[in-house]
Amino acid sequence: MNPPGSLGVLEEKEEEHLSTPILGPSIHSDNPQERIQARRLRIAARLEARRREALGEYLDGKKESEEDQSKSYKQKEESRLKLAKLLLCGAEFVTNIQVATDIREIHRRVEEEEIKRQRLEKLENEVKTSQDKFDEITAKWEEGKQKRIPQDLWDMLNTQQVHCAGLIEDKNKLISELQQELKTKDDQYVKDLKKQSDDTCLLLERMEEQVKNVMKSFRQELHNIEKAFEVERQELLTSNKKKWERALQAHNSKELEYLMNRIRKVEDYEKQLNKQRILDCEEYNMIKIKLEQDVQILEQQLQQMKATYQLNQEKLEYNFQVLKKRDEESTVIKSQQKRKINRLHDILNNLRSKYTKQIKQFQEENQSLTSDYKRLVVQFKELQKAMRHFALIDEEKFREIWLMNEEEAKDLISRAFDVDRIIHTHHLGLPWTAPDFWFLKNVGPISQQQQKSATQILEELLMQTEEEETEAAASEPESYLDLPKQVSAKTTRKILMLLCDESGFLIESKLLSLLLPLEKSECYLLRLDAIFSALGIESEDDLYKLVNFFLKYQAHHSPSSQEPTSLISALEPAEQIDREGEEEESLVEGETEEKETPPSPRLIHPNDVLKILEAFVMGLKKPRDFQAPVKLLKDVRNNSKDSEYWKALTTVIPDSTQNLWDALYMALEKYHLVLTQRAKLLMENNSLEQQNTELQMLLQQYLGSKINSELQVPPTQVFQVPTK
Amino acid sequence: MQETITTPTMSAPSRSSVSTQDRSSATGHASSTDPQPSKPSVAPPPGKSKGPNSGASVRRMRRIIAEDAEWSLAIVPLLRELCIQHIVKNFQNNPILKQLPPEDQQKVLNHLSPDLPLAVTANLIDDEGYWSRCCMQRWPVCYVAKYGGSWKRMFFERHLENLLKYFIPGTTDPAVILDLLPLCRNYVRRIHVDQFLPPVQLLPRPRSGEQSDSGSEGEMEEPAMDHYQLGDLVAGLSHLEELDLVYGVKDCGMNFEWNLFLFTYHDCHSLAATIKACHTLKIFRLTRSKVDDDKARILIRGLLDHPALEELDLSHNLIGDRGGRAAAKLLSHSRLRVLNLANNQVRAPGAQSLAHALAHNTNLISLNLRLNCIEDEGGQALAHALQTNKCLTTLHLGGNELSEPTATLLSQVLAINTTLTSINLSCNHIGLDGGKQLLEGMSDNRTLLEFDLRLSDVSQESEYLIGQALCANREAARQRALNPSHFMSPITAKGPENPVG
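Residue numbers (the working numbering), protein chains in the order written: chain A, 1 to 724; chain B, 725 to 1225.
These aren't lab readings, by the way, just hints derived from the structure by calculation.
All values reported here derive from a predicted model rather than from experimental measurement.
Heads up, the beta-carbon is just placed ideally off N, CA and C, and yes, glycines get one too.
Watch out, some of these pointers could steer you wrong.
What the hints assert, rightly or not - Cβ-to-Cβ under 8 Å is the rule here; a few derived chain B residues that face chain A:
1. Gly853
2. Leu1095
3. Ser1150
4. Cys1151
5. Gly1155
6. Arg1178
7. Leu1179
8. Cys1195
9. Ala1196
With the rest of the complex left out, here is chain A (with noise of 0.2 Å):
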């Protein structure tokens, strides 16, 4: 799209001169170029057009079967066209001249080149001529200096003149010419300054009349467009109408189509309906005679019922009767009853009085009582004070007495012993053995044997293991006494561990960590202790109960592994016989010390303990309850011992001892007779000597006197007196 192509620069005058036209150039046109112009754009609409068909068909190939909508394409895409054509064209229009004055310009920087590059040459050669004159002219200078000849110098100083002059001419042509040039110049300039206004006025015309037409086209095209649209919208308008005619009408046809279709259909549908009632009303007819049949029958079943009900009803009616009958007679026997409860209420009633009456004095009396039991209790307690009070003073008293008897029956029998010792010894000449019985020994009254409680004997019991087991010696009588009679130290010592061992549950676990830091043994004990507290074993009995019941478990086991509770009842015979072995114990004492040789406890499993243990507390509680009567027993019991000791102080002295004191009392009498006589007669001589003695001194008294001496004859001469 280049129309323009050929414009020149005068062209572009000619142009600003056109009345602008109103749809771009036209045809009409008086200027040739410009109806050139308008041809081209002819022709490139129409090639445009053709190519847009082309186009056109490629693009919306369905469109082309609806005419009406490509109408106002088709006019929206003519005047896009031709508004653009008209805005290149207008756009090339005004660039023209820019163009134009750039081609100037370039012609004239080649113009200006050529110019410079002329007048450089020019120069040039201009310089060249000068330095040749001017070489000239200094050359005659030296010529001339050379000249002698005042004339020839004037002359030749002329010519030089004339050189110079002539020079300095050239050079001033130059000049000028230069500044010619540069005033041409300054013209050109002014020149173009004017020019490039013009053109700037020429622009700015040219845009003025682009932006007229351009605006004026555009609202042609509008206007065009907006027509084709109406036209359009006419048409669209016009034809929808048809169309809506149309398919109006087909719908009215159809309708009634449809409506006869209906009338037909509801004919038909009316035959059939027909056709079913009469169906229906045959079918009816059949089922009522059928089921009229069907209510003869039910009604003569009816009738059947309605006898056999008449039956029941008199059944029941006289039933009814009966009924009646009965309940009057229950009425009465009602009201018979009733008053019966009356009377038995008011019974009661009194009964309920005359009850609280006696609750309350039995109440009184209940408190009167407890109040008197209570003063008895209280009484009863300061008795018991009392008992024990006097019990002890008696007990105090009753060793007191006894010591004093016991000691004047051991002096009596030491005497007897002396007595006896003596006869043997002095009078029968035998030697003596002094008789060893325990009652010699006692001090005290017998029957004071305390019972020790469990954990005293414990206490003894590991001390004394320990002591046996330190010094392995033999053991102490005394401690022997303690311990029964079936079970050695060692085993019961066993058996105890074990039961400490294994029954670790019984104690409380915060004495446990409290017993860590003991002694082995005091643990055991403090253990121990706590393990009895638990099982309620208190007194050395139990314990020996405990131990021996071990014991006879593991001796019932071993042979035939009974079961534990059968040890139960075992348990008490053995206590019995604990009881009586105690009771037999004073008596038979020594004797029985080796009567079984206790199992050794090893062969008790460690896992029995428990079984053991639960076994034992299972028959413990029976014997718990007797305990307090046993107590009382043993208090009686001590007299019976007290009447057998003293017996036995009595019998100190058996019988054949007393026979031969007997003899030897006669002897000894007879004895004792002669030795009387003997004793007497021995007396008697005694005393004669004594007479004897004393005449003597007398005599010698009388015979010493100053009597005799004054007597003639003393007396002393008379007799010879034997001297001593």
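Given chain A, work out where chain B should sit, using these hints.
Showing chain B alone in chain A's frame:
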């Protein structure tokens, strides 16, 4: 109030339509005359004279009030209105705006005078209406679209431009501009100055007659001829994107002196430093400023590896081959999209170096070498470069003394290249054969939309045919733009066929 002229025309329709269709007309009318004529005929005349007569009349009055907004003038104005008036009156001393409710803000803004000092308004008022009034008052012609549709930006940019235009170094106080800086820094995006005044010469120059060859003279007096230094200003503007400068004097008329058009080395250095420091700059134009090779090199050195620069325009200067080479270097060291070297003195070597840079460049979209003298050597080099370039869309080689050899090469390029949309070869000596060859090349091209061959000695026939081809291309492009999905396929299908055939 401002529409006193329109009131007479507007009053008639308002009276006839019985409704307050235009409040401003009514206000104008009411303020000028009494409100009665504007009232509908339903309202009785005593509405104003003896209003508080009875309840019914008051009610009727009420109805009238609802219909005529200005009727209430007889009554004491609202306190709100008074306050707003007061605020408007004292806005200069006590600017209250943000604290007001929006409708009152609007009222205040509508009544503010455009003559208020900028120090008050600049950062306070964002209302476009106010700024449009300011602009309208100062300049008769305002084209807002050029300023991104923002009146405020327009106001500040033009205000700054005015200040810069008439700034005379040495006499004008630089604080005039620097004071404005904090006010306009957020709104100015472009500085467009087409004149920089030189310092005033107090003494009349004795050698005024010898100004024709000022090249040697200028350098001597350079220190005295420095223009305003943009450095401080540009550094302060945080959103500056475009710098459009002309170092020259407008309207000098017959007072012309070469001296007035001096772009000194000092100016050049400072400008280079300024644009180097401005990282937001996108467009830099320095035209008609007698930038020669050395100055161009200084400037371009400053622009190397600039982060944002997209367009460089150094048209109408004196840049030669060395400047061209520098520009070529810049092409490979920046993201330049548009390069304009129109009307310079770039010759074949400069064009060759540009072509070399262009061959592998992927940023440049437009290259303008109008009115240079690259001749066939340069043209051929550019054509070769275009065979590999896949980015350039616009190329202007008008007035470059090109001839047939370039045309042959360009025709080959046209057959291959699919990115070029516009080529301008006007004012060259392509010749008839060259035109035919171009036509051949054009027959295989489907992307070129503009091809200017005016005044280049091409036969009318080939020019016409080329025009046809361009038309077809344009149509295709339009269709492509309209619905790309439908038209991409045929074109891409056609694309590979054409270069082969």
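Against the structure, the hints come out as follows:
1. Among the interface hints, the one on glycine 853 of chain B is violated; its C-beta lies about 29 Å from the nearest C-beta in chain A, farther than the 8 Å criterion.
2. Restraint check, leucine 1095 of chain B versus chain A: the minimum CB separation of about 6 Å is within 8 Å; hint holds.
3. Checking serine 1150 of chain B against chain A by beta carbon gives a least distance of about 5 Å; that is within 8 Å, so the hint holds.
4. At a threshold of 8 Å, the smallest CB-CB gap from cysteine 1151 of chain B to chain A is about 4 Å, leaving the interface hint in force.
5. Look at glycine 1155 of chain B: its Cβ only gets to about 14 Å from chain A, farther than 8 Å, so that hint breaks.
6. With a least beta-carbon distance of about 5 Å to chain A, the hint placing arginine 1178 of chain B at the interface is held under the 8 Å criterion.
7. Evaluation of the leucine 1179 of chain B hint against chain A yields a held restraint, the C-beta minimum of about 5 Å falling below 8 Å.
8. Hint status for cysteine 1195 of chain B: holds, given a least beta-carbon distance of 5 Å to chain A, under 8 Å.
9. For alanine 1196 of chain B, the shortest C-beta to C-beta distance to chain A is roughly 7 Å, which falls under 8 Å, so the interface hint holds.
Of the hints listed earlier, those the structure fails to meet are numbers 1 and 5, in rising order.
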